[in-house]
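Sequences listed follow chains A and B, in order.
Under this note's numbering, think of the first position of the first sequence as 33, with each following residue one higher.
Under this note's numbering, think of the first position of the second sequence as 55, with each following residue one higher.
Source of the hints: derived by calculation from the structure; they are not laboratory data.
Bear in mind the structure is a predicted one, so any value in this text is a computation, not a measurement.
The reader is advised that the hints may include incorrect statements.
For each label pair, taking beta carbons as the anchor points, the in silico distance ranges come out as [what the hints assert, rightly or not]:
1. A:T141 / B:P290: 40 to 50 Å
2. B:M376 / A:L204: 48 to 58 Å
3. A:H162 / B:I82: 36 to 46 Å
4. B:A236 / A:E170: 52 to 62 Å
5. B:D367 / A:E170: 26 to 36 Å
6. A:P273 / B:S276: 42 to 52 Å
7. B:P290 / A:E274: 19 to 29 Å
8. B:S276 / A:E170: 18 to 28 Å
9. A:R291 / B:A73: 26 to 36 Å
Idealized CB from N, CA, C, for every residue including glycine.
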Amino acid sequence: MSIILDISQIDMEFKTPSGTFTALKGVDLKISKGEFVSLIGHSGCGKSTVLNIVAGLYQATRGGVILNGREIHEPGPERAVVFQNHSLLPWLTAYENVELAARQVFRKTKSNAEIREWVEHNLRLVHMDHAMNKLPSEISGGMKQRVGIARALAMQPEILLMDEPFGALDALTRAHMQDSLMEIQNELKNTVIMITHDVDEAVLLSDRIVMMTNGPSATIGEILDIELERPRDRLALASMPEYAALRAQVLRFLYEKQRKVEHIATVTAKKRGLLKKAV
Amino acid sequence: MATLLSFNNPLQAYPKLSARMSSVLINIVQMVAVPFVGIVVFLFLWSVTANNITTSLGKFPGPDAVWEQMGNLYTEYKDEKVKAVEFYQRQDERNAERLTTEPDYEVKIRAYTGKATFPGQIVTSLITVLSGFFAAVILAIPLGIAIGLNKTLNNAVNPIIQIFKPVSPLAWLPLVTMVVSAVYTEENPAIAKSFLNSMITVTLCCLWPMVINTAVGVASLSEDLRNVSRVLRLSPLAHVRKIVIPASIPMIFTGMRLSLGIAWMVLIAAEMLAQNPGLGKFVWDEFQNGSSDSLSRIMVAVLTIGLIGFLLDRCMLQIQRMVSWDKASASR
C-alpha cells in the first residue's frame, strides 16, 4: 500500500510564561492510503496536538508533515476535521452546514444541482437526510456529530481527521455512531486518523492503534496492528479471544507502562495555572 | 390569590381540569389584573400629589388635565388638517381661474405653512432619530467588525472610544452646530441645519455602544468556528460574511437596541437646544409659552416620549427575533 501521509520526526514546543514547554518529541508515523489509525493515550499527552499539526492548525517546531509528497503548512479541506464538539454553525441548518463545505470545495467543478445532490448524498450516508432542514439547536448531540461527519465527508478529503468525535456522546449513542462510521468506512475506504480515549472504540474501528506516552515530550510508545477481519461486529468480537488479547495489550500499555501518576496537588496546581492564563 | 380563586370551586370534582383552570386564572391575574392595579394606583398617587403642588402656572396637572389636553392636541391637529385642505383647494381654484385668463401662465404650487401640530412633531422626531441611528449603524458596525478582528486596531481605538462614550449630547451640540454652520453653507439648504445638528448629535451618541458591542461579539468568536473557517480555507471576505457576522448578530443587536434607547433620549435634549422641530421643541415651546395649559401639554409630551421609546425598543426586539439565530438572546 502506498504511503499517503508521512509525519516526519515532529517536535512541538509551546512558549509559556514559565519557559518553553515541549509537548511532542520525535513523533514519527507513516500512514497508508485507506488505513484507519487511532491515536490513544492519557489526556494531556499531545494527541490533539498531533492531529492539529496534521490539520495545519498548528505548525510543528521541528520536522514536518508530508501529504501526497507535499509538505503541509496551512489548513485545507483535503484534510477535513471532525471536531469533538461538532462545531456546526448554529445559524445554518444541517443541509446548509454541509453545503457550505461542499460549495467551498466544488464550486468550480460542480454545478448547483450536482452540489445539491452531493450534499444530500452525504447526509444520507450518515442517516441525517430526514432532518436536513433542522438547525443544530433542534437536533440531539449524536445527530449534530453525524452532520459534522457529513460535512467532513462532503469535502471529499484525502485524509479524515477526527478529534474524539464521539467523546461527548452517551455510551449507547456512541456505539450506534461507531457502527455507522464502520458502515461508511466500508463503503468509502477513507484514510482516517482518529483520536480516542476509548480502548474498545480503538480496537473495534482501527487497522492500527498508535499508543502515545505521557507528556511532556510525548511520543509514540507502541503501535499495535489490529488484524481482525472486516466487516466487524461488536457482538461477535466480544466473545473472540483475539479481540480480548488486543484489548488487553492496549490496556496494559495505558495502565501499566504509561500509568499516569498524577497527584491531586499537581492537578490543582495545573488548574490554577490554567485559570491564571484565562484571566 | 390562587387559594382565593379556587375556594368553593364548582370544578373541584374534576381535579385536573380544576388545576388547569386555576393556572389559567392565575395567568390572567398576573398578566392583566396586576398591571392594571399598578396603573390605577399610579394614577391615584399622581392626582393626589399633583393637587398639592402649585406652580406659577397654576396647579401641577393631574391625569384629568392631561387627558383633556390630549383631546385638545388632537382637535388642533384635525383643525390644522382641515385648514391645509382648504388652503390647497383655494390655491387650485385660483390657479384654474388664472389659467382661463392667461393660458401660458406657469402654475406655481406653494406648500401650506401652518403651525406644527403635535402628531407632526412626533413624526419629525421619529425621522430625526431614525436618520441619526441609521447613520450610526452604517459607521459603527463596519468599524466594530474591524476592531473585533484586529487586536492592534482595537488597542489603538479603544482608549478613544472609552473617553467619548460617556460624553453627554449637550456637550457635543454646540460643537456640531458651529461645524455644521461653517461647513454646510448652501443658500437654500435642502436639509434644515437644525435637523442636521440634532441628527449628528444623535449619531455621535449612539455610535459607541454599537461599536463596542459589535467588536466584543466579533472578538468572542469561538476558536472552533474559526478553525472551521480555516479548514474550509474561506477567503477573508467569506470568513467575515459567512462566519463572523452571523456569529456576532446577537451582540450587534444588543448594541443596536442600547443605542436606539440612547438615541431617543438624546434626541429630545438635542431638539430642545437645536430648535429642530420635534417633541423636544414642543416641550421647550410650551415651557416658554407659559400658559395655564402648558404643564399639561408638556405632560402629554412626556407620556408620548415614554410610549414611543418603549415601542421603538419593542420593534428592535421583533426585528432581532426575526433575524437572529440565537433565540435566547432575543428574549431578553
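Right, here's what the structure says about each hint:
Roughly 23 Å separates the CB atoms of T141 of chain A and P290 of chain B, a value that falls outside the hinted 40 to 50 Å. Checking the proposed 48 to 58 Å range against M376 of chain B and L204 of chain A shows it is violated: the Cβ atoms sit about 38 Å from each other. In this structure, H162 of chain A and I82 of chain B meet the distance hint of 36 to 46 Å, their C-beta atoms being roughly 41 Å apart. For the pair A236 of chain B and E170 of chain A, the supplied restraint of 52 to 62 Å holds, since their beta-carbon distance comes to about 57 Å.
Our hint of 26 to 36 Å for D367 of chain B and E170 of chain A holds, since their Cβ atoms are close to 29 Å apart. Between P273 of chain A and S276 of chain B the beta carbon distance is about 46 Å. The supplied range of 42 to 52 Å therefore holds. Look at P290 of chain B against E274 of chain A: about 52 Å separates their beta carbons, and that is not inside 19 to 29 Å. In this structure, S276 of chain B and E170 of chain A meet the distance hint of 18 to 28 Å, their C-beta atoms being roughly 20 Å apart.
Look at R291 of chain A against A73 of chain B: about 59 Å separates their beta carbons, and that is not inside 26 to 36 Å.
In this structure, the earlier hints numbered 1, 2, 7 and 9 are contradicted, and the remaining ones agree with it.
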